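Chemist: Now for the letters of each chain:
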Amino acid sequence: MRRYSAFAIAREAARYHTGWERAWKSPKPKKKYDVVIVGAGGHGLATAFYLGKNFGITNVAIIEKGWLGGGNTGRNTTIIRSNYLQDPSAAIYEKARSLYETMSQDLNYNVMFSPRGVMMLAQTEHEVRGYERTAHANALQGVKTEFISPQRVKELVPIMNINGPRYPVLGALWQERAGTARHDAVAWGYARACSDMGMDIIQKCEVTGVRQENGVVTGVDTTLGQIDCDKLAMVVAGNAGHLAEMAGFRLPMESVALQALVSEPIKPCIDVVVMANTVHGYMSQSDKGELVIGGGTDGFNNYTQRGSFHHVEETVRALVETFPIISRLKMLRQWGGIVDVTGDRSPIIGKTPLGNCFINCGWGTGGFKSIPGSGWAMAETVAKGEPGSLAGEFGLNRFTEGRFIDESVAAGVAH
Amino acid sequence: MLILECPYCGVMADETDLHGGGEAHLKRFGPGSSDDEFETYLFHRKNPKGVHFERWRHVSGCGKWFHAARNTMTLEVYGTYPAQTYEPPKELVAKIKKKHPEWGGYE
Ligand SMILES: Cc1cc2nc3c(=O)[nH]c(=O)nc-3n(C[C@H](O)[C@H](O)[C@H](O)COP(=O)(O)OP(=O)(O)OC[C@H]3O[C@@H](n4cnc5c(N)ncnc54)[C@H](O)[C@@H]3O)c2cc1C
Ligand SMILES: [Zn+2]
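Chains as they are written, first to last, in our numbering: chain A, 1 to 415; chain B, 1 to 107.
Okay, chain B solo, but in the shape it has when bound (with noise of 0.2 Å):
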């Protein structure tokens, strides 16, 4: 079973608590944008085999969005983070780097 904190409430939530929002840091492209950044944007993913930054929403709690970073090789949950960013917390980055050298990092 998942277990992650939202860091809103402090509650350490089961993923049955919480709603998965897929990838994070999505780039949003609108009206006016290419073909291709709008499929990109729509349906391509990462979908790594590592690290992954996604999107939770406890539902079953405050209902508010949150980040986690995940690791969808051995499940191992490295942190979480709230929603109003464009991208992970260095101290996340820097803390799941010394763990995993061999990470390519955030791009």
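In isolation and in its complexed conformation, chain A is listed as follows (with noise of 0.2 Å):
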């Protein structure tokens, strides 16, 4: 792989960027891999990634039946913060945060990390009490978060109407190195460093069946024919249940629809991302200049993409309410992913009935921030067969035992 460097531009440029190579390559698949990871969103290359890096796993398969980057992760509205209640939810996201911040350095790709700080507003007594206590737990977690007062969040963000007729700002939730990445850099940055350590990225290639001998798995079917492994990695977020039965379990979640939009590009008028959960709606600033929405999920289970009309219309209330300067802006674009909610809304990574299969989904709204994190612990449970310490507490097995992670206070509103 020839690394990306400011010499490579500037080398690129007096030959009329005729020497860049492809970021990474589009084999046939083989008859058989170590390990076969079902799904290339972030957090099935981050599992190949660090199943090359850090366990020297690399005769491995990822197998997308779109394109990479493509679900959840190419949808979504980037927002990265680790200011959860639960330890074990805090662990893996202040890891997850964390190897975010050198990603770009790691991958040699520009992620375009930007910890431009998260604000969450207390808008009730409640929800002031519910931050200060999460302010409090992330001390002792080691995350750092401060409650900062209503005249505090005025001087962050100019624009915010502090005290609304409905909900004034009583005051926020403030993680300074929070922020927003570029999500499909993720996606190719992890891939591109995936292919280069010679793993097979397998696009258009959609996962139909399940193989399995006397409860252990052996490959799977696919529309490009039978793929063989000796461990199956599932990682397809919203898809999971769907996989889940092909492999004969189900799983204690289901696949709602999220959605998101942006707004026509504008001057810069705000460096912070700003989540609303009681009037429901969040908003920040991309580097083109648009305002990113993130809107509610529906309440039914979906797997169309497309989200409802009236989630936008809530969401454009709420943040007209909040920033009154935005009133007349149009919009440009809206979406919406399949989003895989658990009963606590925590994730499920580790193993499952079915021997050498092992499952990664449940991150719902949140799972962008994730990532890296989420693939490190991944990549850990496949590689020695048993979660290790970051995903331990995240085993389907929890269901079983009533030991959740609650986090829907965490996750209020869809991010």
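Please note: incorrect hints may appear among the correct ones.
Unchecked claim - Some chain A residues near chain B, calculated using beta-carbon distances under 7 Å: (1) Gly241; (2) Arg250; (3) Pro252; (4) Phe300; (5) Asn301; (6) Tyr303; (7) Thr304; (8) Gln305; (9) Gly343.
Stated by the list, open to error - Covered stretches of chain A (chain B as the covering partner; in silico rule of three or more C-beta atoms under 8 Å from a C-beta of chain B): (10) 253 to 267; (11) 308 to 317.
Note that these hints are calculated values from the structure, not bench results. Keep in mind that this is a model prediction, so the values were computed, not measured. Ideal Cβ positions, reconstructed from N, Cα and C, are used throughout, including at glycine.
Hints given; two lone chains; assemble the complex.
Modeler: Below, the structure written as structure tokens:
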């Protein structure tokens, strides 16, 4: 792999950009791999990356039914934060956040990580108490957050109306080193690094069946034929239930649509991420100047990657109330993704009832931020056959044992 | 916008007048059942890609719970029926089967 650098740009400029190579190869699938990963979203690719990097396992295929990064990884609003309440969540989300800090260097690919700060508004007394509690929990967990005053909120975001008639801003949970990154670049950067390690990324290939013998996985059926493997990792977000059905088990999870939208581009007006859970909306500004806005999830099972219109209306209403100056902006694009929501709003990482078959799903509305940490934990689980310390608490057995990792508050709005 | 006919008042209700209640016809397990049965009842869902039987409540109308058969891939609604039943009506299942012969049927 030729490294990207300022020197490379100069060299290519001098020869009319004829020397750039493809970022990743598009090979035909081999008959058999040590590990087959289903799903080339951020989590699948990060799993592959750390299998190679941390465990030297590179005879790996990543199988994707569409194009890599075309699932939720390419559809989210790119918020990265680690201010969750429970210890296992804080550990994995903070691991992920800290890996984002050096991801561009580690992958030699600019993922545009922008730790611009994430602010979660408290607009009811209940929220004030909730976020103060989270700030204290974060202090114990070693995650740097603070509860800030309405005046500080106004200083950080001058365009915000903090004295709204319905829900005045009473404070906010502020994480200074949280922020955003370029979602596609995260997938592309990992894909390039995986391909460089000799892994096969096989796009436009759908897994249609899971092969097993005596309760142990032996391979998958795909639209490009049978592919055998010693170990299988299912990392398919909203489609996890569908994959699980092929393998003969059910998941404590449901698939629903979550939407986002962007406005026409405007001059820089907000340089942090603001989330307002009570009125239900959140917003940041992209480098292109578009306001990136996240909506709510629909209340019914859905695989269409389209959400209901009334959520757009509700979200925009909430944001106009919070940021009156955006009231005349036009919205440019709107889209949906199918998110995998579990009962306790925490992900599932670990073993499945089928031998040598592992699962990573349930990130729901908020798994972009966790991609590197999740990949790290999943790679360890697949390589060793047992979850390590990061993944440990997130196994499927927590639902049998009633050991939930309740993040329904932290996950308040969809993000 | 999803539109479902409330089987009680006959109103064609918008989804904003309704509240989704998740998978229908769950088999309830109570005290004395095994951990696995309890887990299945509380958390495991069919979450199918395709035909789904589910509960809805006509919140901004008569306030009653009812059932609907809907396709999660196309958002097509096959029909709605009252809540006082343990499984979908035979005619409705037959109607869906006729339309989608490849569908495995209600289990
Ligand atoms: C609108 C929206 C906004 C969001 N905002 C945020 C946010 O601000 N911050 C945040 O942290 N998270 C956010 N999320 C959540 C985040 O996007 C997801 O949790 C995360 O991207 C999931 O990544 P993944 O790799 O697990 O899944 P995906 O990126 O969906 O990848 C799964 C892949 O599996 C493939 N696949 C499925 N079935 C098969 C099959 N049978 N065979 C082969 N391949 C298959 C799919 O095509 C897909 O590419 C948002 C999500 C949405 C939809
Ligand atoms: Zn009614």
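Chemist: Hints first: check each against the structure and report whether it holds.
Modeler: Each hint, compared with the structure:
no.	hint	result
1	Gly241	holds, 4 Å
2	Arg250	holds, 4 Å
3	Pro252	holds, 3 Å
4	Phe300	holds, 4 Å
5	Asn301	holds, 5 Å
6	Tyr303	holds, 5 Å
7	Thr304	holds, 6 Å
8	Gln305	violated, 10 Å
9	Gly343	holds, 5 Å
10	253 to 267	holds (count 3)
11	308 to 317	holds (count 3)
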